[in-house]
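Number of protein chains: 2
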Amino acid sequence: MKILDKGICSLSSFKVNGYREGKYGVTILYHENSTAVAVYTSNKVYAAPIDITRKHIANGNISAVIINSGNANCYTKDEGLERGLELARLTADTLNIPIEDVAVASTGVIGHQLPLGILVPVAKKSLSDLGSSREHATRAEEAILTTDTVKKEVGVESQLNDGTTFRIAGMCKGSGMIAPNMGTMLGFITTDLKVPQEKLQEALRISVKKSFNMVVVDGDESTNDTVMLLSSNEVEGVIDENFQEALDYVCISLAKQIAKDGEGATKFMEVECVGAQSIDDAISISKSIVSSSLVKTAVYGCDPNWGRIIDAMGYSGVDFDPDNVSISIGSDSQELVIVDKGCVKTFDEPELLEKASKLMANSEVLIRVDLHMGSESIKAYGCDLTYDYVKINAEYTT
Amino acid sequence: MKILDKGICSLSSFKVNGYREGKYGVTILYHENSTAVAVYTSNKVYAAPIDITRKHIANGNISAVIINSGNANCYTKDEGLERGLELARLTADTLNIPIEDVAVASTGVIGHQLPLGILVPVAKKSLSDLGSSREHATRAEEAILTTDTVKKEVGVESQLNDGTTFRIAGMCKGSGMIAPNMGTMLGFITTDLKVPQEKLQEALRISVKKSFNMVVVDGDESTNDTVMLLSSNEVEGVIDENFQEALDYVCISLAKQIAKDGEGATKFMEVECVGAQSIDDAISISKSIVSSSLVKTAVYGCDPNWGRIIDAMGYSGVDFDPDNVSISIGSDSQELVIVDKGCVKTFDEPELLEKASKLMANSEVLIRVDLHMGSESIKAYGCDLTYDYVKINAEYTT
Numbered sequence: 001m002k003i004l005d006k007g008i009c010s011l012s013s014f015k016v017n018g019y020r021e022g023k024y025g026v027t028i029l030y031h032e033n034s035t036a037v038a039v040y041t042s043n044k045v046y047a048a049p050i051d052i053t054r055k056h057i058a059n060g061n062i063s064a065v066i067i068n069s070g071n072a073n074c075y076t077k078d079e080g081l082e083r084g085l086e087l088a089r090l091t092a093d094t095l096n097i098p099i100e101d102v103a104v105a106s107t108g109v110i111g112h113q114l115p116l117g118i119l120v121p122v123a124k125k126s127l128s129d130l131g132s133s134r135e136h137a138t139r140a141e142e143a144i145l146t147t148d149t150v151k152k153e154v155g156v157e158s159q160l161n162d163g164t165t166f167r168i169a170g171m172c173k174g175s176g177m178i179a180p181n182m183g184t185m186l187g188f189i190t191t192d193l194k195v196p197q198e199k200l201q202e203a204l205r206i207s208v209k210k211s212f213n214m215v216v217v218d219g220d221e222s223t224n225d226t227v228m229l230l231s232s233n234e235v236e237g238v239i240d241e242n243f244q245e246a247l248d249y250v251c252i253s254l255a256k257q258i259a260k261d262g263e264g265a266t267k268f269m270e271v272e273c274v275g276a277q278s279i280d281d282a283i284s285i286s287k288s289i290v291s292s293s294l295v296k297t298a299v300y301g302c303d304p305n306w307g308r309i310i311d312a313m314g315y316s317g318v319d320f321d322p323d324n325v326s327i328s329i330g331s332d333s334q335e336l337v338i339v340d341k342g343c344v345k346t347f348d349e350p351e352l353l354e355k356a357s358k359l360m361a362n363s364e365v366l367i368r369v370d371l372h373m374g375s376e377s378i379k380a381y382g383c384d385l386t387y388d389y390v391k392i393n394a395e396y397t398t
Numbered sequence: 399m400k401i402l403d404k405g406i407c408s409l410s411s412f413k414v415n416g417y418r419e420g421k422y423g424v425t426i427l428y429h430e431n432s433t434a435v436a437v438y439t440s441n442k443v444y445a446a447p448i449d450i451t452r453k454h455i456a457n458g459n460i461s462a463v464i465i466n467s468g469n470a471n472c473y474t475k476d477e478g479l480e481r482g483l484e485l486a487r488l489t490a491d492t493l494n495i496p497i498e499d500v501a502v503a504s505t506g507v508i509g510h511q512l513p514l515g516i517l518v519p520v521a522k523k524s525l526s527d528l529g530s531s532r533e534h535a536t537r538a539e540e541a542i543l544t545t546d547t548v549k550k551e552v553g554v555e556s557q558l559n560d561g562t563t564f565r566i567a568g569m570c571k572g573s574g575m576i577a578p579n580m581g582t583m584l585g586f587i588t589t590d591l592k593v594p595q596e597k598l599q600e601a602l603r604i605s606v607k608k609s610f611n612m613v614v615v616d617g618d619e620s621t622n623d624t625v626m627l628l629s630s631n632e633v634e635g636v637i638d639e640n641f642q643e644a645l646d647y648v649c650i651s652l653a654k655q656i657a658k659d660g661e662g663a664t665k666f667m668e669v670e671c672v673g674a675q676s677i678d679d680a681i682s683i684s685k686s687i688v689s690s691s692l693v694k695t696a697v698y699g700c701d702p703n704w705g706r707i708i709d710a711m712g713y714s715g716v717d718f719d720p721d722n723v724s725i726s727i728g729s730d731s732q733e734l735v736i737v738d739k740g741c742v743k744t745f746d747e748p749e750l751l752e753k754a755s756k757l758m759a760n761s762e763v764l765i766r767v768d769l770h771m772g773s774e775s776i777k778a779y780g781c782d783l784t785y786d787y788v789k790i791n792a793e794y795t796t
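Going down the list, the sequences are from chains X and F. Under the numbering used here, think of the first position of the first sequence as 1, with each following residue one higher. Under the numbering used here, think of the first position of the second sequence as 399, with each following residue one higher.
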């Protein structure tokens with residue numbers, strides 16, 4: 001697998017562009033006659049653009065996506081649907097495609113009507129110069145951001161078992177309101193491999209489970225989450241595990257970029273649960289740890305307070321034997337075993353805590369727990385909880 | 399119902415005392431031959447004192463409770479059990495009661511052995527001067543605190559329907575690691591009414607559900623939570639709804655004191671869900687809102703960002719109609735309807751947001767949501783999420 005460096009334009013068949021005006025941005029993603037699939041938030045309260053996109057994507061054909069940042073177009077009733085459709089109509093008319101082939105996505109504040117007076121001119125500007133240069137990619141990736149501090153992108157080239165070369169490119173946004181089961185995040189992934197709609201949907205579902213569904217910033221699940229996968233159908237080939245592997249890589253890369261850019265985060269946290277009896281157990285344990293405010297503040301404070309880790313495991317709802325658990329804390333350079341099959345090593349070696357604290361000063365903190373019960377494992381991704389998370393969220397809307 | 403002002407000594411038949419040395423405190427609660435019941439954490443990882451207390455309380459007879467702060471005696475294996483029993487034995491020997499009638503409770507850091515060299519002298523000092531004065535109550539209430547900033551106490555006197563007068567007194571600690579289903583909290587409640595053990599247990603279960611189980615500070619559920627109810631059996635009477643009402647009052651009062659003293663909190667938050675089809679729905683909705691980091695930071699920032707409230711309702715798992723919900727925000731002086739049966743009033747009256755922001759500057763912020771689906775309701779208690787929560791928890795152990 002080769003890593004490409006043009007972000008969403010690593011696959012040049014999709015033309016993109018994006019512009020901002022203040023906190024409002026509009027990004028366009030365009031390829032006539034793509035096959036498209038998506039997964040959405042499971043929040044009972046979901047936004048108008050999700051209604052529109054669900055309907056338009058049903059037959060698997062999407063030619064363009066219009067994405068706006070700054071306003072979620074959620075809890076906005078019929079007026080919200082109309083305004084979302086107005087953005088779709090503008091896109092359809094400009095690109096000369098049916099409105100039913102335009103998907104819509106929004107992210108931002110809930111409960112305010114879309115400010116079309118601002119968004120329409122920005123959308124027109126974006127639509128007037130679509131392309132696939134590095135600059136187009138950057139503009140598209142930046143216009144979808146809200147509290148994010150950096151754009152999030154990835155591109156890979158890989159081969160099927162039969163030697164056929166394909167590409168996958170992706171961009172996303174997400175920083176706060178990031179919970180298990182996606183967050184306030186939008187993700188757009190493109191590929192050139194021709195894959196039947198149902199197989200594409202299944203591949204996306206599998207990758208999302210291991211990536212976007214394993215990211216936690218604050219545990220709040222948003223109303224607008226959407227991850228969309230579009231294929232330009234240029235490359236003929238029979239989907240195999242190499243495609244899944246590349247798609248997993250793309251989704252996990254984007255998910256980690258979201259965790260690293262978590263609101264106020266100073267550190268990236270990776271929590272791996274190994275030795276679980278089932279994958280669901282591994283998911284529950286790793287998410288419980290990565291979500292814990294007390295673990296997150298301990299990571300911020302370089303405090304190897306593993307008691308908070310075992311505590312979070314204990315309330316995860318998973319059945320395990322606390323006296324047969326191992327816990328290690330470290331960074332990418334080194335990993336220290338603090339609890340070894342229930343034996344607390346710091347009882348005899350208190351200096352371990354100081355060593356662990358030093359490792360936790362790195363920008364990436366790794367926590368690994370082993371249940372010693374089976375062979376299932378998974379990683380969850382998150383970040384520390386800092387003063388700046390509070391600052392950002394205490395000052396966001398009004 | 400009359401409110402009494404001597405805290406845990408509002409019922410003088412229980413003798414108490416407490417002392418601290420640095421971060422370690424020991425409190426004793428004593429009445430020979432009490433009937434006692436308790437509820438505990440549901441965390442899979444629970445502390446040694448819970449093992450001891452569960453065993454000793456099984457026959458319903460407890461004469462004394464020894465409580466230490468500063469160390470949770472959790473994840474400490476057989477050595478932890480032995481050290482916990484040593485505190486129980488000291489109490490039993492000093493008071494000349496069987497060790498099987500002594501309950502033990504601990505709160506503090508997880509994964510360190512009890513420092514008996516410090517705790518035993520403090521325990522001896524506490525045991526040497528038990529009493530029921532205002533000063534004894536204060537010392538007992540203060541010695542169980544950890545990151546708490548104020549003692550938490552309550553006392554009431556009430557009458558059964560037949561005119562019999564009874565009293566209930568209580569004290570508790572709890573400030574962080576406060577989750578649904580209790581938190582890092584210990585609560586001790588005494589009464590003089592003679593109630594059969596099973597009925598006492600049932601009354602406690604009912605009250606805890608409405609009080610300690612409805613408090614959320616950070617969503618981390620501790621390994622040591624215990625609420626104990628002891629009766630001195632002095633007053634003969636048949637338990638009726640007036641006892642339950644008084645016990646509810648005592649438990650809710652203590653729970654609110656915990657929420658108000660939440661780590662780093664500047665504001666108390668009360669979230670009421672009304673109009674629910676079932677009490678479980680009301681509980682899920684109100685807890686989802688009170689637990690949301692985004693709602694908590696909005697309360698800190700006086701930001702009437704009701705979109706975060708409807709978002710938290712949406713991921714609560716409860717089935718409801720978002721278009722038929724009402725949401726109000728206010729303080730104890732005034733309440734503003736922001737969403738009225740799905741109609742967003744701020745669309746026409748944007749000045750409502752500024753008014754709500756002003757009300758949110760009060761030290762108590764009330765949020766009420768009405769599902770308009772039934773007649774069940776409940777209140778959840780919490781606090782804002784502030785810089786100081788992060789500070790306290792980034793600097794706690796090492």
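Worth flagging that the hints you see were computed from the coordinates, not collected in a lab. If you're wondering where the values come from, they're calculated on a predicted model, not measured in any experiment. Every residue gets a Cβ at the ideal spot worked out from N, C-alpha and C, and that includes glycine. Warning: the hint list may mix true and false statements.
[What the hints assert, rightly or not] Partial selection, computed: residues in chain F whose CB lies under 8 Å from chain X:
id: 1; residue: K442
id: 2; residue: L514
id: 3; residue: V518
id: 4; residue: D701
id: 5; residue: G705
id: 6; residue: F718
A quick look at each hint next to the structure:
1. K442: Hint holds; K442 of chain F Cβ to chain X Cβ min 4 Å, cut 8 Å.
2. L514: The hint is violated - L514 of chain F has no Cβ within 8 Å of chain X, the shortest such distance being about 15 Å.
3. V518: violated, 20 Å
4. D701: holds, 5 Å
5. G705: Since chain X brings a Cβ to about 3 Å from G705 of chain F, closer than 8 Å, the hint holds.
6. F718: holds, 7 Å
Checked against the numbered hints given earlier, the structure breaks hints 2 and 3 and satisfies all the rest.
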